[in-house]
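The listed protein sequences correspond, in order, to chains W and P.
Letter by letter, the first sequence follows residues 334 to 593 in the numbering used here.
Letter by letter, the second sequence follows residues 334 to 593 in the numbering used here.
No wet-lab data here; the hints were simulated from the structure.
Hints are supplied without guarantee of correctness; some may be wrong.
You can't tell identical chains apart in this list, so a pair holds if it fits in one copy or across any two.
Calculated pairs, BS3-like style, for lysine-lysine (alpha carbon to alpha carbon, straight line, at most 30 Å) [what the hints assert, rightly or not]:
#: 1; residue 1: K425; residue 2: K468
#: 2; residue 1: K468; residue 2: K487
#: 3; residue 1: K571; residue 2: K548
#: 4; residue 1: K585; residue 2: K425
#: 5; residue 1: K487; residue 2: K425
#: 6; residue 1: K486; residue 2: K425
#: 7; residue 1: K444; residue 2: K425
#: 8; residue 1: K468; residue 2: K338
#: 9; residue 1: K445; residue 2: K377
#: 10; residue 1: K486; residue 2: K468
2 protein chains.
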Amino acid sequence: MSKEKLTIIKIGGNVIDTPEILDRFLQDFSQMEGFKILVHGGGKEATRLAGKLGIETVMVDGRRVTDKEMLEVAVMTYAGLCNKKIVALLQKFDTQAIGLTGADGNSILSKKRETGSVDYGFVGDITGINADWIKSLLETGATPVFCAITHDKKGQLLNTNADTVAQSLAVGLSPLFDITLIYCFEKKGVLTDIHNEDSVIEELTLASYQELKEKNVIHSGMLPKLENCFQALQQGVKEIRIANPEIIANPKVLHTHISM
Amino acid sequence: MSKEKLTIIKIGGNVIDTPEILDRFLQDFSQMEGFKILVHGGGKEATRLAGKLGIETVMVDGRRVTDKEMLEVAVMTYAGLCNKKIVALLQKFDTQAIGLTGADGNSILSKKRETGSVDYGFVGDITGINADWIKSLLETGATPVFCAITHDKKGQLLNTNADTVAQSLAVGLSPLFDITLIYCFEKKGVLTDIHNEDSVIEELTLASYQELKEKNVIHSGMLPKLENCFQALQQGVKEIRIANPEIIANPKVLHTHISM
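Based on the provided sequences and hints, a complete structural model is requested.
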């Protein structure tokens, strides 16, 4: 029996931090048919609030260290301000949105990252997705909107990377749905030349990715992102797209399509 | 056909602000059988965060004025910090909790209060409950945990009194369920003598309430609370209890039972 389609879309700071772009995106998202899930990052709100409260943002290797105070800031801004603003706007556009952290409905279980050479603090690595319950929630007509906060089911909330949340939901829900995962970001897709906005690689397979990686055409920050994509495809996700938010209104717009 | 039972419990600052009391209450709440909904106030977090951010708390007639900055503080603390802390703890105690504002699932619709002699700002008066959807959410096995933020379905979040949220949910869901509404607060119930903790009025009917009101035994702050209770009973709520949080573990503990 063929499974129903589910589209999971991740948006980051570039969408969240600009009211007009967010509004446009959420209108387009509301028009999308079928089951869908939105995952959002935090944008600049957390850094802004931390600054106002005099809490220092400590970054190690480009990652935020989440101490107790910073976790509270993340919960207030991601699960509070950003999530509820998005939910209220989606409701305005007649989408039956419901905002969630991984604690809500025990939907995303994680484990506090063990302290190695760096103590990242209250950061959670995802260990499980409550796929059956998320499916039953979708079947009530709701569109889940996830922020990047998870929990350990021992009462502790944990900060988690939003890309990883989207990927884990895609993998965890793939036994129940045909999943398309779309990462929206500021570029049009994976570029061969960072200085040329239109140098988009339109099709990436594991073979072509490995070739481009060897030739150093794809490098640095894009590598872990794409490694995660191929991992997700190997674990059952049907297809992945990396694109500008414009793709939601116009699925044929120039973008990167990734498949095995 | 008899309706299924649903218990709606409202807790306030006295429970939320004391970790041991909150933990005890949530454990007891987790043990309760049948459909249940938790509604919580904000406790002192909002005032504390506003203070840290240098935002002045303006009160008129004992009510907080909610300007744009204060609304953000309310959303961050009520929908973020307090709500998600409660949800994570309930999950620890194996309750399938899901945290909600009125925007989530369009569950509680409100209208911005019109400016009369006082402009209360972003304060919402409840105009509707999405009872069918809340019922379908309960049927997924979830236990909703509401904070006192609602929305106008035009994209605007609004601050709303938590007692009113509990009352409106009780009235709105009464066509679908047999509702018991329990207001938990720091006293054992409605007292005839504020200085005597045990002077609890165990049974209140509309007739006995009016008599006690005339004799000035019940007065001041208790009056609007009880008027709201009788209004809710007239609108279909089956019974209301005003009690200490202890009632959850021990239903026979001394408390006030209110019926028509």
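> Which earlier hints can't be squared with this structure?
Replying inline: none
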